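Chemist: Letter by letter, the chains look like this.
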Amino acid sequence: MMPRLFKFTILAICALSVSACLPAKQFYWGSYEESLFSRQQHAGAGGEGEAATMLLATINEAQANNGKVGPGIHADYGYLLFKQGKADEAIAELQKESALYPESKPLMEIMVSRIHGRKDKEKEKKPAP
Amino acid sequence: MRLFSCVVVACTALWLSGCVTQPPKPDYTNFFDHQPRSILVVPPANKTTAVDAPAVFLTTVSAAFAERGYYVFPVFLVQDILNDLGATDEGAIAAIPPEKFKEVFGTDSILYVTITDWSTSYIVIASNIIVGAEYRLVDAGTGAVLWTGKQKVIHESGGGGGGGGLIGALVAAAVNAAITATTVQYRPIAIQANNLAASQSGYGLPAGTYHPEFKKDREQFK
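From first to last, the protein sequence lines stand for chains H and A.
The number in the numbering used here is simply the position in the first sequence, starting from 1, with 29 added.
The number in the numbering used here is simply the position in the second sequence, starting from 1, with 214 added.
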């Protein structure tokens, strides 16, 4: 452990050197970018599953900390859920993105309608009982 | 302890960046004429020989630009949709007209990144990790260039005797004295480059709609 005075001095120097240019965070990011990196490093279902877990944790943490989930996080989580075959949960996440960030609405609506379309197709495929 | 090192590293970076000679400021006329709310980051183009650079770089852009107050589309989802449309390499992506992005994604602007540096240089026992990139933000409605930026971050990654005095020595001690930079070591430097590119006063992006300084920071950008 560093001596306290030393630590304090370093922090004070830092504070002075950047005085007021440290930006405040607008959004809660959690491990969003790490989840992207994890997918980049481990392509396929394994990396995607891991990323989905990280995104869900990020969304829960944001709620617990009263932070606003960063743009793209609900959408990305929804996309991963869709890839895992969880259509209804996917749609719920995409709609959350759309409600939180109206800029995403056109894309989210297209995705939701595609997922609905695919669900209908799968229903047709199933043999009649 | 982690927070402490974060703060030290972050402000050292900011402090050092203040010493660099500044290029001329960008022209913000087009930007304010077409103030975007949303940014779509396309997979970066690559001028370096590091094949994995674009894929890794793409995981470091979102927060840096969104924190300026913009909606940034999820980068991997965008990449997958572009792949579906047949745009699988930088040439094909560059050939897509900006209006097409508006039509498919509903975005206001497109951020094109070209990676110019992604390397490790060796100076006797010390090594420098260098990440550099050029940025071009284009209006999706008209194709007008809204903003351009350039950033290069050189990070001393070990060895003794490097400059920077007390703080430099601290940072050097905090970073593993590894000689070969791995992907994992490039990422934080890329994040730093993106943060600087996006938020440097007078050079970065003016505050967007999600930022408390929206419309109040015009003096910095002219």
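If you are wondering where the hints come from, they were derived from the structure by calculation, not from laboratory data.
Mixed in with the good hints there might be a few duds.
[Stated by the list, open to error] Chain A side only, calculated, beta carbon under 10 Å to chain H, not exhaustive:
| id | residue |
| --- | --- |
| 1 | Val-270 |
| 2 | Ala-277 |
| 3 | Tyr-285 |
| 4 | Leu-296 |
[As the list claims (entries may be wrong)] Pairs of lysine-lysine, DSBU-like flavour, derived with a Cα cap of 35 Å:
| id | chain 1 | residue 1 | chain 2 | residue 2 |
| --- | --- | --- | --- | --- |
| 5 | A | Lys-436 | H | Lys-112 |
| 6 | H | Lys-152 | A | Lys-430 |
| 7 | A | Lys-429 | H | Lys-112 |
| 8 | A | Lys-364 | H | Lys-148 |
| 9 | H | Lys-148 | A | Lys-429 |
| 10 | H | Lys-125 | A | Lys-314 |
| 11 | H | Lys-97 | A | Lys-364 |
| 12 | A | Lys-239 | H | Lys-125 |
| 13 | H | Lys-154 | A | Lys-261 |
| 14 | H | Lys-97 | H | Lys-112 |
| 15 | A | Lys-430 | H | Lys-112 |
Just so you know, these numbers come straight off a predicted model, no measurement behind them.
Glycine included, C-beta positions come from ideal geometry on N, C-alpha and C.
Chemist: Hint by hint, say whether it matches the structure.
Modeler: Against the structure, the hints come out as follows:
{"no.": "1", "hint": "Val-270", "in the structure": "holds (6 Å)"}
{"no.": "2", "hint": "Ala-277", "in the structure": "holds (5 Å)"}
{"no.": "3", "hint": "Tyr-285", "in the structure": "holds (4 Å)"}
{"no.": "4", "hint": "Leu-296", "in the structure": "violated (13 Å)"}
{"no.": "5", "hint": "A:Lys-436 with H:Lys-112", "in the structure": "violated (45 Å)"}
{"no.": "6", "hint": "H:Lys-152 with A:Lys-430", "in the structure": "violated (54 Å)"}
{"no.": "7", "hint": "A:Lys-429 with H:Lys-112", "in the structure": "violated (40 Å)"}
{"no.": "8", "hint": "A:Lys-364 with H:Lys-148", "in the structure": "violated (46 Å)"}
{"no.": "9", "hint": "H:Lys-148 with A:Lys-429", "in the structure": "violated (45 Å)"}
{"no.": "10", "hint": "H:Lys-125 with A:Lys-314", "in the structure": "holds (25 Å)"}
{"no.": "11", "hint": "H:Lys-97 with A:Lys-364", "in the structure": "holds (30 Å)"}
{"no.": "12", "hint": "A:Lys-239 with H:Lys-125", "in the structure": "violated (39 Å)"}
{"no.": "13", "hint": "H:Lys-154 with A:Lys-261", "in the structure": "violated (48 Å)"}
{"no.": "14", "hint": "H:Lys-97 with H:Lys-112", "in the structure": "holds (25 Å)"}
{"no.": "15", "hint": "A:Lys-430 with H:Lys-112", "in the structure": "violated (42 Å)"}
Checked against the numbered hints above, the structure breaks hints 4, 5, 6, 7, 8, 9, 12, 13 and 15 and satisfies the rest.
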